[in-house]
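Peer 1: So the protein lines, in turn, are chains R, P, E and A. To convert, note that position 144 of the first sequence is 144 in the working numbering; the numbers rise steadily by one, no gaps. To convert, note that position 252 of the second sequence is 252 in the working numbering; the numbers rise steadily by one, no gaps. To convert, note that position 57 of the third sequence is 57 in the working numbering; the numbers rise steadily by one, no gaps. To convert, note that position 285 of the fourth sequence is 285 in the working numbering; the numbers rise steadily by one, no gaps.
No wet-lab data here; the hints were simulated from the structure. Treat the hints with caution; some may be incorrect.
Identical chains blur together in the list; that is why a pair holds if it fits in one copy or across any two.
To be verified - Computed cross-link-like contacts, DSS-like style, restricted to lysine-lysine with a CA-CA straight-line distance of at most 25 Å:
#, residue 1, residue 2
1, Lys139, Lys3
2, Lys3, Lys30
3, Lys30, Lys139
4, Lys224, Lys261
5, Lys201, Lys186
6, Lys36, Lys215
7, Lys215, Lys261
8, Lys36, Lys186
9, Lys215, Lys116
10, Lys201, Lys139
11, Lys261, Lys114
12, Lys186, Lys215
13, Lys116, Lys30
14, Lys261, Lys30
15, Lys3, Lys36
16, Lys201, Lys3
17, Lys186, Lys139
18, Lys30, Lys114
19, Lys261, Lys139
20, Lys224, Lys201
21, Lys186, Lys114
22, Lys3, Lys186
23, Lys3, Lys215
24, Lys36, Lys261
4 protein chains.
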Amino acid sequence: MIKVGIVGGTGYTGVELLRLLARHPQVELKAITSRKEAGMPVADMFPNLRRRVTLAFSTPEEAGLETCDVVFFATPNGVAMQQTRALLDAGVRVIDLAADFRIQDIAVWEHWYKMKHACPDLVAEAVYGLPEINRERIKGARLIANPGCYPTSVQLGFLPLLASGAVDAGFLVADVKSGVSGAGRKPETHTLFAEAADNFKAYAVGGHRHWPEIKQGLDSFSGKPVGFTFVPHLIPLIRGIHATLYARLNADIDLQALYEKHYADEAFVDVMPAGAHPETRSVRGANVCRIAVHRPQGGDTVVVLSVIDNLVKGAAGQAVQNMNILFGLPEDTALTDVGMLP
Amino acid sequence: MIKVGIVGGTGYTGVELLRLLARHPQVELKAITSRKEAGMPVADMFPNLRRRVTLAFSTPEEAGLETCDVVFFATPNGVAMQQTRALLDAGVRVIDLAADFRIQDIAVWEHWYKMKHACPDLVAEAVYGLPEINRERIKGARLIANPGCYPTSVQLGFLPLLASGAVDAGFLVADVKSGVSGAGRKPETHTLFAEAADNFKAYAVGGHRHWPEIKQGLDSFSGKPVGFTFVPHLIPLIRGIHATLYARLNADIDLQALYEKHYADEAFVDVMPAGAHPETRSVRGANVCRIAVHRPQGGDTVVVLSVIDNLVKGAAGQAVQNMNILFGLPEDTALTDVGMLP
Amino acid sequence: MIKVGIVGGTGYTGVELLRLLARHPQVELKAITSRKEAGMPVADMFPNLRRRVTLAFSTPEEAGLETCDVVFFATPNGVAMQQTRALLDAGVRVIDLAADFRIQDIAVWEHWYKMKHACPDLVAEAVYGLPEINRERIKGARLIANPGCYPTSVQLGFLPLLASGAVDAGFLVADVKSGVSGAGRKPETHTLFAEAADNFKAYAVGGHRHWPEIKQGLDSFSGKPVGFTFVPHLIPLIRGIHATLYARLNADIDLQALYEKHYADEAFVDVMPAGAHPETRSVRGANVCRIAVHRPQGGDTVVVLSVIDNLVKGAAGQAVQNMNILFGLPEDTALTDVGMLP
Amino acid sequence: MIKVGIVGGTGYTGVELLRLLARHPQVELKAITSRKEAGMPVADMFPNLRRRVTLAFSTPEEAGLETCDVVFFATPNGVAMQQTRALLDAGVRVIDLAADFRIQDIAVWEHWYKMKHACPDLVAEAVYGLPEINRERIKGARLIANPGCYPTSVQLGFLPLLASGAVDAGFLVADVKSGVSGAGRKPETHTLFAEAADNFKAYAVGGHRHWPEIKQGLDSFSGKPVGFTFVPHLIPLIRGIHATLYARLNADIDLQALYEKHYADEAFVDVMPAGAHPETRSVRGANVCRIAVHRPQGGDTVVVLSVIDNLVKGAAGQAVQNMNILFGLPEDTALTDVGMLP
């Protein structure tokens, strides 16, 4: 059994990790920390876990994280980088669901996250945990930077296109829409029901922290710096990201074949038939990225549609997928939930 | 392996059966019928099932239902009663998710469902598939009448109270609210998004078909005819039923202890602590009825709160639970999903 | 022109007052206060008001409220009672949308609101601003206690029944459901979109502050203390309250005629035809209480359905209605919005 | 008083016309037709109109449309073109809210709408009713083609850019999202609540009927054929369109000044400050197009955000605006509703 600890279990990625791990046959949940809620049974806060998770929140001091095999950080940005070295030194693998280890260029990271990085050397060691591009490196990793939700949907959507060189990498557009759970469980005015329901808006058009993370990936797929515009929007739904990606073709290729071939061996990327329109609900609760590729009216614009559940393939599910790879388990262990439709 | 057939797989209870059965380790899906969609892969209609269910819809004639071990009817009312006898004669067990076999009094059934019953003798044989009251009878049954969604939530909520005799059975009120999926997948104006979203209303206050089904149960729990008012409402959410039940106490008993004791051995009924308020989302996708009991300000009114997912414990999940009991499997096989929160 | 001031304009009742008053032909908006946002144009916070309201928030000190003809308090409970006397002394009429002056029994108020009342004498003077019962007293009032949202829907629903004496006043049940805007604009976890959407729950079954307010009214309609159970629920919609009221008949009367006659002269109470089911969306944005009365299956239980927009007839609209009465204007001035459907 | 008739009043644009016209001081509603519902009071179908609209649906034969001053067609495509000539001959002005007269190139229209046009000569006469580009021509028109909802938001968003020549007109992208009411009130599976709620998807990426309508406008603004990609999406909200527009700058201009100057005199187009993000709810129920323009990170991509209420500025409100212009009334008569927020 893999002994698992979770740091910061009161947010949505925390409860989602618990939902998935509670049925993982190889996992023993050892500790989940929350200084503020220490002592409270997790199922008192998240009643869906009643009878399934008996753990109570504990303080970091009592949690015994250094005796775990793996620790997930489901914390705000800036927490994992303070605690990771001690855990690694104790022989614990670390999977960070926040952004601390995602961006290799420390200056860029510090610019966007507005803090000084505590351990640049560990960033250099960290493996970016997108299995579809880094599976082999994940196998041996001590430290995994679990990708952001927007970056997962956008990178998986653009990857075959950029790898093929068939588009103008100088003008890529990602118009991406996210459910409200992506904003977390911390109370804020703009994510109140009465603000976000029956409403739709773009936000952070001037600059969003996921932009440099995505750009880092696209640059690497393309082999050179890309021109990339990213506009996030807030949808009045709980879970789900829909990325609509635009690029200009510079070669006449069979896009459907390109995508099908690229992802032929991937269990968690589903390329839909030509002409299809993936729906976010088809992946609700499931660790799947579902993709369709279009070329409207046979013109020179390619449109890629890519959907994920931001809490699963965009966070906790991908983290469990990384854990499965790390420990040599079948990659889909505990990740076989079918999307909940309706 | 249990060979399973499903009649009428294009509605919400059909796709939910598939979502659950696709991961049932003892089930082999043999056929799913839809005359209208014959030939279409199920996953083309319900893309959440892509890569998980490879079956296509077939006509009833081609389906070979008589070679199955069990057939689920996920059909409109009045269909199962036409086909059940032939299946039973062929040795097939039948679980009807519609209302054909739920009401023992044929005249009452014909009054509310406005058709002549095709096989009153089979109604007499059918077992009402609420495991919490009929588990032993289900084990040996050939034909199971799977309860309605409202009836499941209301009967499980009132059962301990009425069995204890602690309330005035002459004035019971069930104010019940259901998500829109309860109305089915057939397009109708009043269940359109633009009609049902951001809206709330009662309906069928003058009389709803689930009233006689619930009354039949309550009469039986009480040992005499009850006075029972039932008001259903439509909530702007997809899945979930919340029953708020009112009765007048005629004895001073420990309500919390009554409920906890009554359901102590039930895996799928969760009595919450005193003072709790169950949320529909805590059972979203899960085969659980979650109950709390209140006595506001210590007065003589008892208020019971009971929530289920109408498509799971209120339909497909309960049907799978009945199948597990029928075939001697652990009752929770394929029914361990944790409620999806958020 | 009536010079109007608003204290506390950053919440939902504040912005709703502005939406309505911006088109009131006899109103001149003089000031809207918010210590925290002083200096910010109101339309920066609420962009629906761009080009329609040019006012900026001001501090209470700068607002010049004592020069207004009327001041609305759209503040948390406990604020108005601190400032009302000075305004009244300056000749300003006061309409409090919070609860400070709603309950005549000071001890009851202090028990439920958990603070000491600052001016019991003004409570005695205050008129409860439900025009359908107090229109004449409102005309001459200096101080109006604008009713709560739940209390408006429940009292208007029960009034004809209790006034007629046709029901057992010892066992009244109000099962009431409210949209999330009723909880206000202050960020809290349970009103986040990802918590409240696709979810339904009861809350405060053990006791809600609107219970004593409603009971005070029902006692008065009935002429004696009633037995009254109140269970509020949270609906995943923005605006709207649906009250489902239950009582036991003790006389055989024509309920439809009773209600139609009672409200025949009321512009803002609409009794629907027999058999109807009012929808919250039919009053979305409108200052209307829409009511239907049922007697299921001709039994001895009466079911009343009553809907309002909690921000309009349940708050800001009713406050403007009270202002119109106070100043001798046509009661529907600025209150002619048609419910926004869909 | 202007005598008004409405053909086809059972859909969402019909009831929205009634909501607006019911309070228009210069309008006398003469007739609203529905062959299917003839005889039913309009307020029985749309209870928000109770006490405000006393009209009943009538058959087209009984309606006396030829005695009206203006007739609105709120009908499916292909109806208005059959009846318009007779009305024009009788001296009646016609405003068609459907697509019959929107596209000047008959072959293009027939290709996209898959029917033969009944009166190409009237198409040539018809004025495209976007007041912000055609106000003067609307004044004298007999026949107005009211623009589509998507086309209104996209054209108003692109207009200043294309008129200025500052962008590459060969690669314009409109990623547009619409609430579900845009699909109409006809029951269809994909617009059911349980299908469209908590879900997001693109649709018709291969080709949508509003593409040629928008392209006709953009070509005209640009003075030459543009390259234009249009991807519509369905948002789980009732009312609202959010267009996110992308273009590549070929000149270094002050975008904010460009937009503010272009729309300085327009009452119904609101250019927000630099950096703003318009929300659909800020125009809910209001006849306003709210626009913001961005240049992310100072690069060569311009992003325009444009929101409308699809039923108001995108349909019925714009139709009333056109009627006001036609009859020489103040353009905002009956169009002063403030957006309903929250």
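Peer 1: So which hints don't hold here, by number, going up?
Peer 2: 6, 10, 11, 12, 13, 14, 16, 17, 18, 20, 22, 23, 24
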